[in-house]
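Engineer: Going down the list, the sequences are from chains D and Z.
With the first sequence counted from 1, adding 32 to any position gets you this note's numbering.
With the second sequence counted from 1, adding 32 to any position gets you this note's numbering.
The set of hints was computed from the structure by calculation and includes no laboratory data.
Careful, some of the hints might be misleading.
Put simply, identical chains are the same to the list, so a pair is met inside one copy or across any two.
Calculated cross-link-like contacts (lysine-lysine; reagent style DSS-like; alpha-carbon spacing at most 27 Å) [stated by the list, open to error]:
1) 175 to 255
2) 255 to 240
3) 139 to 231
4) 198 to 108
5) 231 to 123
6) 78 to 64
7) 57 to 78
Each chain, written out:
Number of protein chains: 2
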Amino acid sequence: YDSLESVVVEETALTSWNDGPSKQKIIQFVEKTTDSSSPDFVPESKRIAVFDNDGTLWAENPVYFQLFYAIDFIKKHSPGHPEWSANPTLKAILEDDLQTALEGGEKALAEIVMVSHAGMTEDQFTSSVRDWIKTSKHPQTGKAFNQMIYYPMVELMEYLRESGYKTFIVSGGGIDFIRAWAEETYGIPPYQVVGSSLKAEYTEVDGKNQIVKLPELNFYDDKAGKPVGIHQHIGERPIMAFGNSDGDYEMLEYTTQSPGPRLGVYIHHTDSIREYAYDRNSLVGQLVRGLDNAESNGWLLVDMAKDWKIVYPNP
Amino acid sequence: YDSLESVVVEETALTSWNDGPSKQKIIQFVEKTTDSSSPDFVPESKRIAVFDNDGTLWAENPVYFQLFYAIDFIKKHSPGHPEWSANPTLKAILEDDLQTALEGGEKALAEIVMVSHAGMTEDQFTSSVRDWIKTSKHPQTGKAFNQMIYYPMVELMEYLRESGYKTFIVSGGGIDFIRAWAEETYGIPPYQVVGSSLKAEYTEVDGKNQIVKLPELNFYDDKAGKPVGIHQHIGERPIMAFGNSDGDYEMLEYTTQSPGPRLGVYIHHTDSIREYAYDRNSLVGQLVRGLDNAESNGWLLVDMAKDWKIVYPNP
Ligand SMILES: [Ca+2]
Ligand SMILES: [Ca+2]
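Produce the complete structure using the sequences and hints provided.
Structural biologist: What follows is the structure, given as structure tokens:
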């Protein structure tokens with residue numbers, strides 16, 4: 033009878049996942065933590081699941097999508113900023129030479145982010161990102177960027193929420209960039225998004241008191257920063273964590289290294305046909321330490337090619 | 033028919049509030065924002081209400097309750113810290129001379145907070161606060177500190193949540209101090225608490241990776257810091273804000289200075305019999321600018337003596 037019931041559940045939950053050990057492990061975890069007669073039952077207030085964004089909930093190739101936003105912003109606004117062409121990084125971007133622009137490393141990336149994210153009010157920035165996501169297309173697939181989300185993950189997050197879980201994004205990407213579209217795209221409200229942030233101030237703009245984003249880093253939500261971001265924003269150790277790169281290692285470690293039921297999951301990019309195949313040698317989403325230690329840490333490795341029936345919502 | 037319906041609602045909602053303009057204004061605001069046929073209807077995802085804590089949700093006299101926690105912590109742990117007696121502020125606290133201890137102003141207060149809040153893991157700090165709140169009594173009332181919450185505000189927050197609102201605390205007090213007891217006391221989970229914070233790091237303690245609170249201020253959530261804290265944590269402009277002091281002025285301003293239905297509320301401490309009466313000349317919860325401008329800003333002034341049937345849950 034138990035196994036019959038289990039079959040029924042597997043048929044109705046996670047229909048975009050192929051039957052197999054990954055799907056089974058996730059469903060079993062949810063069932064045992066939500067069944068009040070189970071020794072692993074977790075009260076609803078402690079059912080916290082955290083998700084990395086780039087490469088875990090949507091694609092991240094050939095570069096992080098937020099960088100496309102920044103580049104498009106810089107090109108669009110360059111007529112009002114003749115001084116940008118004196119900056120080698122920005123000049124390269126205006127000349128469509130991304131390789132040269134990124135040669136400056138972290139300093140160049142910071143310059144790109146600051147001119148395209150700071151100086152705006154929160155409302156201006158949100159509008160700017162929403163306009164961009166409505167009108168821009170990915171250079172390789174021609175899809176809207178928010179159509180390059182992973183449907184099996186969206187379905188999983190819905191399944192978790194129906195099971196009394198709270199779903200949070202914990203991303204190295206910009207918190208306000210993600211907030212601008214996460215509710216519509218993933219069903220995750222702004223206050224359940226954790227990410228990297230700029231400092232901000234409350235000041236008068238156009239006769240109205242507003243929040244203005246400043247050109248100074250407030251918090252970098254990556255690697256050991258992820259548990260810190262979770263602590264500051266969520267204030268509770270999650271019981272499930274999903275990531276795809278070594279930047280998520282500490283988040284999975286923090287989540288799973290505590291008593292009680294815990295599940296750490298790496299999404300492994302194995303699908304060169306429907307998406308991209310990469311791990312150890314990739315510029316984005318590099319996964320080395322995570323691959324080496326997933327098994328000994330008891331973490332699940334989801335094989336995108338084998339475990340997912342579809343990748344994007346409209347293949 | 034409309035007025036009949038309105039009478040029925042007033043009889044079942046906010047029973048700890050006396051009938052009158054304050055109760056009426058709050059209920060009318062909730063009704064018009066939740067009635068889908070109203071021109072002021074607000075979709076559930078935008079129904080964000082923010083509450084200051086000290087003096088708005090619980091008492092704050094003779095000093096902020098968090099200071100009692102800090103003092104008790106310092107006394108309890110002084111045997112292991114002989115060096116504390118070389119510090120004039122800490123020495124005064126150990127000698128029960130609070131006046132001398134606080135003469136050092138903000139610097140003294142920071143010292144008190146750092147030795148009593150930093151250096152612990154998040155789990156140690158949470159346990160320490162929970163133990164304290166279970167065992168300590170207010171020096172004047174003899175009540176447990178979490179019995180000095182304002183029952184009409186707790187009832188109001190429940191009413192808002194039943195009406196599809198999310199209730200957030202936005203306090204100048206310590207975020208982790210409040211999180212330790214807010215869920216049990218107010219029904220507000222840790223991720224819906226915004227407050228002042230120390231920096232934190234993810235590091236190995238006792239062979240386990242943990243969050244440790246550092247002796248360095250991360251964010252001060254008061255005055256113009258409150259809209260910034262709301263922006264960083266909630267990412268959405270609230271539509272209702274409740275405060276009691278000039279430290280909440282910018283939060284009420286930020287909340288109400290935007291199109292659409294908005295409600296700013298000051299809890300005015302007018303009840304010297306059941307609680308405390310103070311505003312312009314108080315050391316805690318000083319309210320000057322708020323009193324001067326509440327009317328012109330269209331903010332509601334709740335008169336604790338007149339508007340509330342009871343103050344504490346068990347009078
Ligand atoms: Ca990632
Ligand atoms: Ca207050």
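Engineer: Find the hints from earlier in the document that the structure breaks and name them by number, from lowest to highest.
Structural biologist: 1 and 4
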